[in-house]
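**Q** Here are the chains, one letter per residue:
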Amino acid sequence: MKIPKKLKFRKGEEETKNEKAEQKNTSPVFSVIVRKEFTDFIKSWRIIILLIIIILTCMGSLYTAITTIQDTLSRSEDVKEIAKDTNLFLQLFTTSDGTLPPFVTFVSFLGPLLGIALGFDAVNAERNKGTLTRLMSQPVPRDYVINAKFLAALLVSTTLFFALGFIVMALGILIIGIPPTFEEFLRILCFLCLCVAYIGFWLNLGILFSVRFKQAATSALSSIAVWIFFSVFYNMIIDFISKGYLNPESITSTDEAVTKQETILNLMRLSPNYLFSESTTTLLSPSVRSLGPLTMEQTVGAITGPLPFGQSLLLIWPQLTGLIAATLICFAIAYVLFMRQEIRTN
Amino acid sequence: MSEKIISLDKLTKIYDDQPAVDRLSLSINKGEVFGLLGPNGAGKSTTIFMLLGLIQPTSGNLQVCGIDSTTNPIDVKRRVGYLPDDLGFYQNMTGFENLLYTASLNAISRDEAKRRAKQLLEQVGLEDAMHKKTGKYSRGMKQRLGLADVLIKEPEIIILDEPTLGIDPKGVQELLKLIKQLNKEKDITVLLSSHHLHQVQQICDRVGIFVDGKLLAKGNVNELAQQLFGVRSSVVQVEVGEITESLLARLNQLDGVTGVEKVDGSFIEVTCQENMTPVISETITQNNARLYSIRCKDHGLDEIYHLYFEGREIDENTKKAKIS
Numbered sequence: 001m002k003i004p005k006k007l008k009f010r011k012g013e014e015e016t017k018n019e020k021a022e023q024k025n026t027s028p029v030f031s032v033i034v035r036k037e038f039t040d041f042i043k044s045w046r047i048i049i050l051l052i053i054i055i056l057t058c059m060g061s062l063y064t065a066i067t068t069i070q071d072t073l074s075r076s077e078d079v080k081e082i083a084k085d086t087n088l089f090l091q092l093f094t095t096s097d098g099t100l101p102p103f104v105t106f107v108s109f110l111g112p113l114l115g116i117a118l119g120f121d122a123v124n125a126e127r128n129k130g131t132l133t134r135l136m137s138q139p140v141p142r143d144y145v146i147n148a149k150f151l152a153a154l155l156v157s158t159t160l161f162f163a164l165g166f167i168v169m170a171l172g173i174l175i176i177g178i179p180p181t182f183e184e185f186l187r188i189l190c191f192l193c194l195c196v197a198y199i200g201f202w203l204n205l206g207i208l209f210s211v212r213f214k215q216a217a218t219s220a221l222s223s224i225a226v227w228i229f230f231s232v233f234y235n236m237i238i239d240f241i242s243k244g245y246l247n248p249e250s251i252t253s254t255d256e257a258v259t260k261q262e263t264i265l266n267l268m269r270l271s272p273n274y275l276f277s278e279s280t281t282t283l284l285s286p287s288v289r290s291l292g293p294l295t296m297e298q299t300v301g302a303i304t305g306p307l308p309f310g311q312s313l314l315l316i317w318p319q320l321t322g323l324i325a326a327t328l329i330c331f332a333i334a335y336v337l338f339m340r341q342e343i344r345t346n
Numbered sequence: 001m002s003e004k005i006i007s008l009d010k011l012t013k014i015y016d017d018q019p020a021v022d023r024l025s026l027s028i029n030k031g032e033v034f035g036l037l038g039p040n041g042a043g044k045s046t047t048i049f050m051l052l053g054l055i056q057p058t059s060g061n062l063q064v065c066g067i068d069s070t071t072n073p074i075d076v077k078r079r080v081g082y083l084p085d086d087l088g089f090y091q092n093m094t095g096f097e098n099l100l101y102t103a104s105l106n107a108i109s110r111d112e113a114k115r116r117a118k119q120l121l122e123q124v125g126l127e128d129a130m131h132k133k134t135g136k137y138s139r140g141m142k143q144r145l146g147l148a149d150v151l152i153k154e155p156e157i158i159i160l161d162e163p164t165l166g167i168d169p170k171g172v173q174e175l176l177k178l179i180k181q182l183n184k185e186k187d188i189t190v191l192l193s194s195h196h197l198h199q200v201q202q203i204c205d206r207v208g209i210f211v212d213g214k215l216l217a218k219g220n221v222n223e224l225a226q227q228l229f230g231v232r233s234s235v236v237q238v239e240v241g242e243i244t245e246s247l248l249a250r251l252n253q254l255d256g257v258t259g260v261e262k263v264d265g266s267f268i269e270v271t272c273q274e275n276m277t278p279v280i281s282e283t284i285t286q287n288n289a290r291l292y293s294i295r296c297k298d299h300g301l302d303e304i305y306h307l308y309f310e311g312r313e314i315d316e317n318t319k320k321a322k323i324s
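Listed in order, the protein sequences are those of chains Y and V.
The opening residue of the first sequence carries number 1 in the UniProt record's numbering; numbering runs sequentially from there.
The opening residue of the second sequence carries number 1 in the UniProt record's numbering; numbering runs sequentially from there.
Take these hints with a grain of salt, some might be off.
[As the list claims (entries may be wrong)] DEER-style ranges, computed between Cβ atoms:
#1 V:Asp86 - Y:Thr159: 28 to 38 Å
#2 Y:Leu155 - V:Ile203: 43 to 53 Å
#3 Y:Ile324 - V:Ile203: 55 to 65 Å
#4 Y:Ile42 - V:Lys214: 47 to 57 Å
#5 Y:Trp45 - V:Ile14: 52 to 62 Å
Just so you know, these hints were derived from the structure itself, not from any lab.
Remember, it's a predicted structure, so these values are computed and weren't measured experimentally.
Note that CB positions come from ideal geometry on N, CA and C, so glycine has one too.
Start from the sequences and build out the full structure, keeping to the hints where you can.
**A** Quick look at the structure:
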């Protein structure tokens with residue numbers, strides 16, 4: 001019973017101290033929420049299982065890539081010299097012997113799944129467990145909650161993908177014995193950033209649904225539905241449209257053919273999956289010179305050779321901004337919805 | 001007269017043209033235990049949410065600790081602890097960790113938070129379970145942890161929304177005792193919402209009755225009963241062998257009896273102004289009827305409360321019927 005008495009004396013003093021600390025900078029509270037969310041993620045079985053799957057598949061694809069490259073290298077000594085000039089190192093991410101898809105394909109497949117898994121129950125789980133009202137009755141601005149959740153999830157995916165990318169690079173250097181050039185290194189860094197942006201899109205879609213739908217299952221299913229739509233059905237629909245639209249009998253001039261082809265391409269680019277795959281191929285295969293249709297006139301006289309890094313980046317700039325814009329739009333909608341939403345539990 | 005710590009002035013919240021809280025004016029003094037009483041959906045929770053600044057009022061003013069919670073919710077939340085009715089904890093964290101998290105959200109240093117958390121957990125009787133995951137806590141334990149969670153920021157006011165919901169009678173008594181103790185020892189103002197009149201009666205200094213977003217009456221419980229029901233009446237239930245018309249007539253003629261009603265079979269209910277059991281039994285035996293049982297049904301506060309709200313519903317129905 002001695003402690004409460006002491007406490008009473010110290011109460012006034014402490015309060016002013018606390019207030020001062022808070023007035024100085026409010027960020028400690030924000031970082032507290034981020035830290036807690038981050039810990040929750042890395043402790044949850046859902047994320048652990050997903051991480052294991054991603055790591056295993058990446059190792060698998062790395063193995064097939066390495067064996068393919070080694071087979072080619074061992075055929076002759078000259079190849080090694082040629083290899084240095086043709087960005088062989090980047091092939092670690094894109095080559096495969098056909099048994100397992102390459103690293104890039106795995107990322108484009110599992111990345112969205114990770115994003116959705118990180119985001120789909122961000123808000124509604126708190127709501128259903130009754131922790132949201134408790135959290136909101138603490139002196140915390142409302143947007144801290146959703147911002148912190150977003151940031152924590154983004155941190156998890158950034159850490160994971162950079163770690164994976166560097167592991168693949170390290171193993172590549174160790175096993176093949178060819179170090180990456182500085183340009184290749186930059187390309188890989190950009191590729192990893194792109195991955196994070198792509199996951200960010202799906203993460204925000206998940207958060208958006210988690211704000212909108214009260215049940216975690218509904219929001220998970222709707223996020224997965226969107227993902228499946230873009231990865232399977234969207235291509236089918238575009239194929240279907242292009243069959244009629246690009247009918248050779250109805251096309252009369254080259255110009256018309258080019259514009260029609262471009263329309264179809266732009267339709268394809270509405271899908272975040274397509275934007276991602278376009279950008280990754282450009283980044284990781286420097287030989288890609290253009291993402292649109294090229295006429296014979298344009299290609300005649302062109303010397304086939306790798307594009308410099310700056311040019312590749314320029315080529316995918318619209319794709320990258322588009323992807324980030326889509327991410328931000330999702331987050332903005334989720335943010336506004338959450339700020340306006342009633343905190344009521346029912 | 002002590003200072004006002006919460007004051008509401010013509011507070012109104014309208015949901016889809018339906019007022020959830022209708023021009024509510026109320027003030028609560030420092031150090032008081034105030035009970036908000038009312039049926040479900042009366043607007044109690046809406047009022048509480050507005051006090052915390054979680055819901056914007058449609059019109060009206062409110063001040064908590066002299067701060068407007070509509071414009072400055074963060075400052076209010078720093079001073080007010082709120083225990084929601086369906087409170088939940090992060091299930092994969094222990095009770096102790098949950099408290100530390102709340103403390104860190106209130107910018108309390110880690111050492112201080114640990115000290116306070118330990119002390120509070122002892123106070124609410126959870127010292128044995130403090131390193132257990134909250135997912136394994138029982139409802140009563142959660143409620144007690146909730147109280148500790150509210151107190152860790154050392155608030156000036158605590159708001160408890162249905163704190164006794166779903167706890168066994170013994171737990172309820174302990175919780176109420178704890179609340180009263182906190183109120184006395186630390187001079188914390190308590191605002192309590194409930195629909196259990198007898199619990200409210202036990203600990204509240206004053207009570208406000210809430211129906212359809214309006215405050216119908218306020219004051220201490222005894223005053224309230226007088227105010228709402230006027231003269232108290234009691235009902236004597238009698239079981240006799242055979243009910244005859246002459247018996248009913250005789251009972252009706254007794255002084256102080258306001259009504260006699262045949263309930264079913266051999267039961268009669270006599271409504272009278274005070275407890276008239278001896279007179280009634282005498283009358284029955286004089287009338288040569290066999291008396292099997294006699295019982296005085298005194299109105300408990302709960303019953304009065306139910307009667308009151310039932311009465312209102314009937315009133316409203318008849319009103320509606322008249323209009324149509």
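**Q** Taking the hints in turn, state whether each one holds.
**A** Here is how each hint holds up against the structure:
Taking 28 to 38 Å as the suggested C-beta distance range, the pair Asp86 of chain V and Thr159 of chain Y conforms, at roughly 35 Å. At roughly 47 Å, the beta-carbon separation of Leu155 of chain Y and Ile203 of chain V lies within the given 43 to 53 Å, and the hint holds. Distance hint for Ile324 of chain Y and Ile203 of chain V: a CB-CB separation of about 57 Å, consistent with the stated range 55 to 65 Å. Between Ile42 of chain Y and Lys214 of chain V, the C-beta spacing of about 51 Å keeps the proposed range 47 to 57 Å intact.
Between Trp45 of chain Y and Ile14 of chain V the beta carbons are some 45 Å apart, a value that contradicts the proposed interval 52 to 62 Å.
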